[in-house]
Amino acid sequence: MQPALSIILFTVASGAGYGLMALAGLFAAAGLLPQGLGLAALSLALGAVGAGFAASTRHLGRPERAWRALSQWRSSWMSREGVAALASLVPAGLLWLELLLGRRAAQAPLGLATAALAAATVSCTAMIYRSLKPVRQWDNALVLPNYLALALMTGALWLAALASLAGGGARAAAVALLAVPLAAGAKLAYWSAIDRAAPLLTAAQATGLAGPVRLFEAPHSEENFLLKEMGFRVARKHAARLRRIALLLGFALPFLLTAASLLSSLVAAPAAILAALSGTAGVLVERWLFFAEATHTVTLYYGSAAV
Amino acid sequence: MTSLPPKRPGQKQLGLVIDLDICVGCHACAVNCKEWNNGGGAGPLSDLDPYGARPDGVWFNRIHAFETGEGEDGRTVYFPKSCLHCEDAACVTVCPTGASFKRAEDGIVLVDEALCIGCKLCSWACPYGARELDEKEGVMRKCTLCVDRIYNETLDPADRVPACVSTCPVSARHFGDLGDPQSDVAKLVAERGGVALLPELGYRPVNRYLPPRRRPVAAAASAAAETAAESAGSKLLRWVDQLLSR
Chain A
1 MQPALSIILF TVASGAGYGL MALAGLFAAA GLLPQGLGLA ALSLALGAVG
51 AGFAASTRHL GRPERAWRAL SQWRSSWMSR EGVAALASLV PAGLLWLELL
101 LGRRAAQAPL GLATAALAAA TVSCTAMIYR SLKPVRQWDN ALVLPNYLAL
151 ALMTGALWLA ALASLAGGGA RAAAVALLAV PLAAGAKLAY WSAIDRAAPL
201 LTAAQATGLA GPVRLFEAPH SEENFLLKEM GFRVARKHAA RLRRIALLLG
251 FALPFLLTAA SLLSSLVAAP AAILAALSGT AGVLVERWLF FAEATHTVTL
301 YYGSAAV
Chain V
1 MTSLPPKRPG QKQLGLVIDL DICVGCHACA VNCKEWNNGG GAGPLSDLDP
51 YGARPDGVWF NRIHAFETGE GEDGRTVYFP KSCLHCEDAA CVTVCPTGAS
101 FKRAEDGIVL VDEALCIGCK LCSWACPYGA RELDEKEGVM RKCTLCVDRI
151 YNETLDPADR VPACVSTCPV SARHFGDLGD PQSDVAKLVA ERGGVALLPE
201 LGYRPVNRYL PPRRRPVAAA ASAAAETAAE SAGSKLLRWV DQLLSR
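In the order they appear, the protein sequences are chains A and V.
Terminal number for the first sequence in our numbering: 307, no gaps in between.
Terminal number for the second sequence in our numbering: 246, no gaps in between.
Hints listed in this document are in silico derivations from the structure and should not be mistaken for laboratory results.
Some clues are possibly wrong.
What the hints assert, rightly or not - Computed cross-link-like contacts, EDC-like style, restricted to lysine to aspartate or glutamate with a CA-CA straight-line distance of at most 16 Å:
| # | chain 1 | residue 1 | chain 2 | residue 2 |
| --- | --- | --- | --- | --- |
| 1 | A | 133 | V | 88 |
| 2 | V | 34 | V | 148 |
| 3 | A | 228 | V | 56 |
| 4 | A | 228 | V | 47 |
| 5 | V | 136 | V | 56 |
| 6 | A | 228 | V | 135 |
| 7 | V | 12 | V | 88 |
| 8 | A | 133 | V | 200 |
Claimed, not checked - Here are some of the chain V residues that sit facing chain A, going by a computed Cβ distance under 10 Å:
| # | residue |
| --- | --- |
| 9 | 27 |
| 10 | 73 |
| 11 | 77 |
| 12 | 80 |
| 13 | 95 |
| 14 | 98 |
| 15 | 115 |
| 16 | 116 |
| 17 | 124 |
| 18 | 134 |
| 19 | 194 |
| 20 | 197 |
| 21 | 200 |
| 22 | 203 |
Cβ coordinates follow ideal geometry from the N, Cα and C atoms, glycine included.
Turn these sequences into a full structure, and let the hints guide you.
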């Protein structure tokens with residue numbers, strides 16, 4: 001599948017934003033969110049989510065009609081994603097106001113509602129891909145836990161970075177130290193699953209013809225939308241190298257830097273900020289691979305023997 | 001509304017039956033499809049760089065060519081592919097705007113281009129590649145089963161079939177109600193063992209493909225033996241004989 005920059009930026013930014021929003025909500029519910037950190041975290045989270053959705057409209061042929069996407073929540077995960085995203089703004093905005101006014105009374109329910117709706121939005125994003133049967137790498141039970149774990153991890157890294165600037169942040173860093181191995185495990189399990197699974201469908205099944213089926217002649221001599229959108233291929237050696245880069249930037253470095261920030265107050269802030277930047281960069285590479293390594297059944301009509 | 005219409009027994013399901021045994025791969029159906037729909041209700045079907053080095057554009061119908069079998073069983077199969085108007089059309093249910101819908105009255109899957117935001121998710125959800133983005137208009141396009149022909153009372157009744165069906169020079173394309181087991185197309189599918197594409201995925205496509213007939217091996221061998229003794233003139237008669245004895 002074509003790794004479109006708009007969708008990669010959208011899923012990474014909104015994932016990090018909702019992860020940060022959910023953690024801020026949970027910390028607030030537990031009474032552990034200082035006013036300054038809470039305002040900064042929720043502002044950054046809302047900014048990341050807003051930037052992500054703005055990027056996603058670049059993927060649309062008719063961005064001015066984007067509001068129509070809220071109407072089909074009964075059947076469409078993309079529509080549910082939009083509804084959940086808007087709904088999450090209500091408790092998140094109220095929590096932000098509560099923090100601004102220095103009130104504590106409603107922080108627990110607002111924090112829990114914010115966390116729940118943030119998790120719901122990320123789940124809807126994941127289910128858009130999870131529910132597409134023509135792409136076997138996405139029609140996989142590990143897609144949903146991957147999106148959730150990566151959102152939690154990037155959110156935790158950003159919360160730890162913000163907290164370290166405020167001179168605290170041991171709790172947030174501890175959450176990040178748990179979230180990074182969790183996300184790394186989810187990603188490794190996903191990659192292992194899609195590598196081990198044999199291709200499901202063949203050109204013979206796609207055409208209903210008996211015996212081995214080879215493409216003799218394509219319907220057209222040049223590219224078309226189907227090949228540009230669904231026919232993207234990434235060389236295996238590049239995929240292997242990019243996976244190593246994603247592991248290093250996304251998980252190994254953030255873990256070591258977060259541990260360093262906990263151990264030494266001298267380097268705490270720079271290490272935590274570097275951890276967040278590195279983790280986000282690693283997840284950008286991971287998300288590029290999520291698309292680039294996915295194969296679509298339409299390629300069976302264009303010369304793929306099996307997908 | 002992108003929920004699928006409720007299923008009723010005997011539901012009308014208009015669709016195509018494509019005979020892979022006799023399709024000659026002339027692309028006339030694809031050309032007439034583009035011609036009709038470019039100017040019809042579903043048009044225009046935009047082209048990018050149509051006279052340049054890398055022409056690209058929207059087509060509802062595309063003709064692939066495959067080789068199957070080995071040795072003497074090897075053959076070339078021309079394979080026209082357009083929307084299969086699935087009963088459980090995921091392209092409809094994934095649509096976030098309600099632009100994509102399946103008609104309750106005849107099962108045709110359509111896009112309301114005034115609602116479409118061009119998110120392309122329907123093209124990802126379709127395993128067959130039936131939907132294409134019109135990059136100039138920013139909306140998704142797909143086969144309408146020539147909904148603006150088949151009910152068009154200004155046309156001669158004989159012409160009230162999809163453009164691809166009307167133009168096929170070898171009658172390899174058939175149009176009708178596949179939801180009715182007594183229809184001509186349903187009987188043809190039953191008689192010839194027509195197949196659905198990728199039934200494993202569960203979209204329940206309506207269109208059917210009639211597989212190429214098996215070559216009569218014994219007859220071909222004995223015919224070849226006769227050929228040696230026959231003059232060139234009788235080859236024509238033998239071909240007529242083969243054609244008539246199908």
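Results for each hint:
no.	hint	verdict
1	A:133 <-> V:88	13 Å, holds
2	V:34 <-> V:148	14 Å, holds
3	A:228 <-> V:56	11 Å, holds
4	A:228 <-> V:47	15 Å, holds
5	V:136 <-> V:56	11 Å, holds
6	A:228 <-> V:135	12 Å, holds
7	V:12 <-> V:88	14 Å, holds
8	A:133 <-> V:200	10 Å, holds
9	27	8 Å, holds
10	73	7 Å, holds
11	77	6 Å, holds
12	80	9 Å, holds
13	95	6 Å, holds
14	98	5 Å, holds
15	115	6 Å, holds
16	116	7 Å, holds
17	124	6 Å, holds
18	134	8 Å, holds
19	194	9 Å, holds
20	197	6 Å, holds
21	200	7 Å, holds
22	203	8 Å, holds
Comparing the model with each earlier hint shows no violations; every hint is respected.
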